[in-house]
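Enquirer: Go by the hints and put chain F with the ligands onto chain P.
There are 2 protein chains.
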Amino acid sequence: MPKQPVVTPRAQDFPRWYQDVIAKAELADNGPVRGTMVIRPYGWAIWERMQAAMDARIKAAGAENCYLPLFIPESYLSREAEHVEGFSPELAVVTHAGGKDLEEPVVVRPTSETVFGEFMAKWVTSHRDLPLLLNQWANVVRWEMRPRVFLRTSEFLWQEGHTAHATEADASAYARRILHEVYADFMRTELAMPVLAGRKTKRERFAGATNTMTLEAMMGDGKALQMGTSHELGQNFARAFDIGFTDVDQQRQLAWTTSWGTSTRMVGGLIMCHGDDAGLRIPPRLAATQALVTIVKSAPEVDSTAAQLVSELAAAGVRVRLDDRVDTPYGRRAVDAELKGIPVRVEVGPRDLADGQVTLVRRVPGSKEPVRVGEVAQQVVSALAADHQALYDEALQRRDAATVDAGSVDEAVDAAQTGWARLPWKLLGDEGEARIAGQGITVRCLVVPDADVEGGYRVPDTDDVAVEPELTAIVARAY
Amino acid sequence: MPKQPVVTPRAQDFPRWYQDVIAKAELADNGPVRGTMVIRPYGWAIWERMQAAMDARIKAAGAENCYLPLFIPESYLSREAEHVEGFSPELAVVTHAGGKDLEEPVVVRPTSETVFGEFMAKWVTSHRDLPLLLNQWANVVRWEMRPRVFLRTSEFLWQEGHTAHATEADASAYARRILHEVYADFMRTELAMPVLAGRKTKRERFAGATNTMTLEAMMGDGKALQMGTSHELGQNFARAFDIGFTDVDQQRQLAWTTSWGTSTRMVGGLIMCHGDDAGLRIPPRLAATQALVTIVKSAPEVDSTAAQLVSELAAAGVRVRLDDRVDTPYGRRAVDAELKGIPVRVEVGPRDLADGQVTLVRRVPGSKEPVRVGEVAQQVVSALAADHQALYDEALQRRDAATVDAGSVDEAVDAAQTGWARLPWKLLGDEGEARIAGQGITVRCLVVPDADVEGGYRVPDTDDVAVEPELTAIVARAY
Ligand SMILES: [Zn+2]
Ligand SMILES: [Zn+2]
Chain P
1 MPKQPVVTPR
11 AQDFPRWYQD
21 VIAKAELADN
31 GPVRGTMVIR
41 PYGWAIWERM
51 QAAMDARIKA
61 AGAENCYLPL
71 FIPESYLSRE
81 AEHVEGFSPE
91 LAVVTHAGGK
101 DLEEPVVVRP
111 TSETVFGEFM
121 AKWVTSHRDL
131 PLLLNQWANV
141 VRWEMRPRVF
151 LRTSEFLWQE
161 GHTAHATEAD
171 ASAYARRILH
181 EVYADFMRTE
191 LAMPVLAGRK
201 TKRERFAGAT
211 NTMTLEAMMG
221 DGKALQMGTS
231 HELGQNFARA
241 FDIGFTDVDQ
251 QRQLAWTTSW
261 GTSTRMVGGL
271 IMCHGDDAGL
281 RIPPRLAATQ
291 ALVTIVKSAP
301 EVDSTAAQLV
311 SELAAAGVRV
321 RLDDRVDTPY
331 GRRAVDAELK
341 GIPVRVEVGP
351 RDLADGQVTL
361 VRRVPGSKEP
371 VRVGEVAQQV
381 VSALAADHQA
391 LYDEALQRRD
401 AATVDAGSVD
411 EAVDAAQTGW
421 ARLPWKLLGD
431 EGEARIAGQG
441 ITVRCLVVPD
451 ADVEGGYRVP
461 DTDDVAVEPE
471 LTAIVARAY
Chain F
1 MPKQPVVTPR
11 AQDFPRWYQD
21 VIAKAELADN
31 GPVRGTMVIR
41 PYGWAIWERM
51 QAAMDARIKA
61 AGAENCYLPL
71 FIPESYLSRE
81 AEHVEGFSPE
91 LAVVTHAGGK
101 DLEEPVVVRP
111 TSETVFGEFM
121 AKWVTSHRDL
131 PLLLNQWANV
141 VRWEMRPRVF
151 LRTSEFLWQE
161 GHTAHATEAD
171 ASAYARRILH
181 EVYADFMRTE
191 LAMPVLAGRK
201 TKRERFAGAT
211 NTMTLEAMMG
221 DGKALQMGTS
231 HELGQNFARA
241 FDIGFTDVDQ
251 QRQLAWTTSW
261 GTSTRMVGGL
271 IMCHGDDAGL
281 RIPPRLAATQ
291 ALVTIVKSAP
301 EVDSTAAQLV
311 SELAAAGVRV
321 RLDDRVDTPY
331 GRRAVDAELK
341 GIPVRVEVGP
351 RDLADGQVTL
361 VRRVPGSKEP
371 VRVGEVAQQV
381 VSALAADHQA
391 LYDEALQRRD
401 AATVDAGSVD
411 EAVDAAQTGW
421 ARLPWKLLGD
431 EGEARIAGQG
441 ITVRCLVVPD
451 ADVEGGYRVP
461 DTDDVAVEPE
471 LTAIVARAY
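If you read the protein sequences in the order shown, they are chains P and F.
Residue numbers for the first sequence follow my numbering, beginning at 1 and rising by one.
Residue numbers for the second sequence follow my numbering, beginning at 1 and rising by one.
So that you can see chain P by itself, here it is in the shape it has in the complex (with noise of 0.2 Å):
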């Protein structure tokens, strides 16, 4: 079936066409307040399977779940100046509650650090109390001005990690295990994303942090998306907070803390990431519906077949729905199947069952292909793993092939136009860095080349070219 132009094409106007995409996708609407979402049935499906599969790894690495206030009362913003120097333009105040003004306003949660901080200073007395890892699934806001659903709005929902170690060496390594077997692992392996690991410079470094770990991946335009952090905190928040605990000799000591996030930003990456012209891609490991079959044209014969291709489909473990709704023209509900990235159709018509055979639409490849009715199950299920890997494998060649190695910090400017530059952070450097942000490029991060790591990449320990002297700089524009 040819393509329509359903949605306008990437290259001709991308942001738009991810507007297109959100709308016609059914994923998500602008809510009546400016910056709000209301995120639609099918975005909801997606955003709750990639919850599901993060949280199973959360709760592997140790973290228990638990849930803080929405509302912080005002003075708790100022006790850490740093900090609401940075929020301060963002924050919603409720200042009128329960028929009267408030004596002291509330500010509507932009992150429940402060308030972490401080129960964890009641919930840590002795080493014994010690690693305390805790994650909040909950909705923040941040009042944006420049809204766009899922990268940047009001509001949005997130997981917040923190947890608190009795040592520096506790801390940094549990910081690096939320990063790869939590985040990377779960970006890699369900979202078919390839995401390189690295560490932020100074100037992009979370407030209040020592070190800011990121995973980045490279958009369907070039730019980079931030996909989630990890952050060592050494002790400051501790010394923030007052986290403190009895060692074993009866010494009171400070705690090392860690905290890590990810949020509904994902759900923009991952459309910007493996969307086509056509619309959605959705990794077959992530989708809710991963195979649709289709009744293309009802009689007797092809709703059984389509009945029993169904259960026997379940049976081997897929995701399957049936459309049998025939009264909406066929064409129609394959540009909506299509638009919504649905892995696998299959479908069943009179004419092909005559012969045995119904068709099998593979998303991914774009495939069309007859298949004998008794081998549905076992073709969709090969087609759904191959499809997986061949979208992480077709999102790593295209990141692969848009990143430039740079000689010079102005080869690097060229590079980011399109895509993303590698370049020795030695040539940039906190001065590079800070002209090149005037042309709306950043460091997304630092990486150190190491053959044995995926990617070929792994973090850095320090910013310091002088103890790391192979520091490369990963150089983009992002979102």
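Quick caveat, the hints were computed from the structure, so don't treat them as lab data.
These numbers were taken from a predicted model, which means no experiment stands behind them.
It does not matter which identical chain is meant; a pair holds if it fits inside one copy or across any two.
Calculated lysine-lysine pairs in the BS3-like style (CA-CA distance at most 27 Å, straight line): (1) Lys-297 - Lys-24; (2) Lys-24 - Lys-122; (3) Lys-426 - Lys-202; (4) Lys-24 - Lys-223; (5) Lys-223 - Lys-202.
Expert: Same frame as chain P, but now just chain F with the ligands:
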């Protein structure tokens, strides 16, 4: 082991017992803003498992999850006058955001009802779009003057379902399906709570509803708690938001809608229904940790047997954890496990083990008996099943014993001092209902005797004794 008075005995001061259990079982703390709560990992695990069990049933009933924004324009809440009247003093209003005063203040959602109304009107155009079955898991805010953790908090977590149907019969059937197949089944099966399904009187009905159905449970002090409600909204909601559709004859029709909700209140209900003077008792099916294998005193054989039992129990499908905190006195760990209501403990100590035995401690019957090492898994599995049922039976017997058949309003008022009263609705009526309200006693629901229904009563179709002369009022004090 003799029970220590670690919490205030229920008979002495039930509200104080409730607070003690919440604090000592580490379920929740008060948040920094009055009326808010910090749900600690042990409390959150309860809610998380409630959510999962409910969510599976909601999906099985065909509803899809979505997410609407936290912020609602103030103007939305004056659209439906009757509604604002009810909520107004409970609203929290953001007047300041993005570093300046907002032109139109935004309300922190007390419910997403108005936004559901707006978007359902957009999403429904044809009879093909019906039924539209939506659900949302979210936090909501209703400013609370006399807060009590889990029961009445300014912020709470809930699910709210909103559905639109082509016919009154379809809407009516769906509201009942949610009440019975989702809510009542979840509460009886997973929470081991006997709930009485009934119909609210006009006085207690949700504003805008044509029929409110409820599930009422008896707490340990004889008071009632409303565990969940399911509303038929007739065409009132559809009229207010213009939710219409073209029928098969191309005629425009108004939809028929329902809404239904349950919240973190259920956690409070669980505590007050099953808790005893030693603390919580978590129903085995709900418990995140069903069995705790406790090393009483470490020794090579003890440690290896404990590890082996953990594996065997996990293999038998039991959610099991190892307690090897041997530097904490054993008695303190036992009291903690009782407080937390962990259904079963397997105590492994050197003395028992010399005889090839361990000790099985069951929280519900309070029993403690030796078990041969090779029989642990099988014994634990059957203990969990038996004790879940025992909790249900005990709660049902308590409810039946504390429910009096009253022959007059005065008798009912007396009975409501310590439990529930049943009396013919025609003896009470609207006037009697208004009169007993002055003494803090309400009609929890109306029911009709029906021997074929669990609990011996069914939900009436009407509150009119002319139509259903056997209408019985359940009268009680309530949380
Ligand atoms: Zn106001
Ligand atoms: Zn302010």
